[in-house]
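Asks: What follows is each chain in one-letter form.
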Amino acid sequence: MNTYKFFGSRNSGAKNWYLQRISGIILVIVLIGHYVLMHATPDSGHTYKAVMERLHSPFWKGIDLTFVTLGLWHGLNGTWNVIRDYHLKPWVANTIYVLMILLGLTFWFIGLNTILSF
Amino acid sequence: MANQTAISFFSRWLEVLFNYRKHTGSWAWILHRITGLGLTIYIMIHIIALTGLLKGEAAFNEEMALFTSPVFLFGEWLLGALVMFHSLNGVRIALVDFGNGARYHKRILAFVYVLGVLMVAGMAYLIFLH
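Sequence order for the protein chains is D and X. Sequential numbering of the first sequence, starting at 102, is according to this note's numbering. Sequential numbering of the second sequence, starting at 1389, is according to this note's numbering.
These are computed hints drawn from the structure, not numbers from a lab. Values in this document were obtained by computation on a predicted structure and should not be read as measured data. Heads up, the beta-carbon is just placed ideally off N, CA and C, and yes, glycines get one too. Errors might be hidden in some of the hints.
[Claimed, not checked] Covered by chain D, according to a simulated footprint, are these stretches of chain X (three or more residues, beta-carbon under 8 Å): (1) 1423-1436; (2) 1449-1461.
[As the list claims (entries may be wrong)] Straight-line distance between alpha carbons at most 25 Å, and here's what the computed DSS-like set of lysine-lysine pairs gives: (3) D:Lys150 - X:Lys1443; (4) D:Lys150 - D:Lys162; (5) X:Lys1443 - D:Lys162; (6) X:Lys1494 - X:Lys1410; (7) D:Lys116 - D:Lys190.
[What the hints assert, rightly or not] Restraint ranges, calculated between C-beta atoms of paired labels, are given here: (8) X:Arg1409 - D:Asn214: 29 to 37 Å; (9) X:Ile1395 - D:Thr196: 21 to 29 Å; (10) D:Lys150 - X:Gln1392: 51 to 59 Å; (11) X:Tyr1492 - D:Glu154: 41 to 49 Å.
Start from the sequences and build out the full structure, keeping to the hints where you can.
Replies: This is how it looks when you write it as structure tokens:
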């Protein structure tokens, strides 16, 4: 079980700390593009045709996959960081950890299914 | 029983939140995790909402009409505010951890608040008046 130091594991969480920052930096960069494309210019973002055009190009598929994967991981790892700050019983922490992995995988597959169907 | 425990946990949490002495970064830290939790819930809603693409053009455009209604536009603006704070403060955290940010993190925080308010005001213009 990959839980953390204070729950009796040798894993200090250093790798997750590092990846949280790296994924955050990448997300900010992708997000600027996302905002310009989707919100500053509504016509390019919200029509079915425009979305389909983008989803048929490998480049945008790659961007979308990156966004879904990093966004979910960054969000759930951040949630885990919040939970880790509270003194929980190991079995509670382990249960939450497993549930969060299942939740992340579920939403990751839903997102992947949408992106890769076109 | 469970409800009682949840309420006492929450009141204890609020007590700690308001009684602890806060330094410059404390509110940034609190807001960063609250916005972060909100955005995590949002990205899941977003993934579900976009499965509408699988139902074809008519169904998707119908959904989009709902998402561009005034209530949802206001929600979009609030969401933008969360995103703005979380990304600007996230850059601050990266600067503190990777750069020399610990020396000037208070100045970055002032920059975060000022730039954040300006950007959120700009977003109101783009969303409601553009």
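Asks: If a hint holds in the structure, say so; if it does not, say that too.
Replies: Against the structure, the hints come out as follows:
With 8 residues having a Cβ less than 8 Å from any Cβ of chain D, the stretch 1423-1436 of chain X passes the three-residue criterion, so the hint holds. Requiring three or more residues with a Cβ within less than 8 Å of a Cβ of chain D, the coverage given for the stretch 1449-1461 of chain X holds, as 4 such residues are present. Our distance criterion of 25 Å between C-alpha atoms is met by lysine 150 (chain D) and lysine 1443 (chain X), whose separation comes to about 14 Å. Under the criterion of a C-alpha separation no larger than 25 Å, the hint pairing lysine 150 (chain D) with lysine 162 (chain D) is consistent with the structure, at around 15 Å.
Only pairs whose Cα atoms come within 25 Å are accepted, and lysine 1443 (chain X) paired with lysine 162 (chain D) is accepted, the gap being roughly 19 Å. Restraint check: the Cα-Cα separation between lysine 1494 (chain X) and lysine 1410 (chain X) comes to about 13 Å, which is no more than 25 Å; the hinted pair holds. Taken as a hint, the lysine 116 (chain D) and lysine 190 (chain D) pair is honoured in the structure, with Cα atoms around 24 Å apart against an allowance of 25 Å. For arginine 1409 (chain X) and asparagine 214 (chain D), the hinted distance range of 29 to 37 Å is not satisfied, since their beta carbons lie about 49 Å from each other.
As the Cβ distance of isoleucine 1395 (chain X) to threonine 196 (chain D) is approximately 22 Å, the hint placing it in 21 to 29 Å holds. Evaluation of the 51 to 59 Å hint for lysine 150 (chain D) and glutamine 1392 (chain X) yields a pass: the beta carbon distance comes to about 54 Å. Distance hint check: the CB atoms of tyrosine 1492 (chain X) and glutamate 154 (chain D) are about 44 Å apart, consistent with the given range 41 to 49 Å.
Hint 8 alone, counting from the list given before, is not met by this structure.
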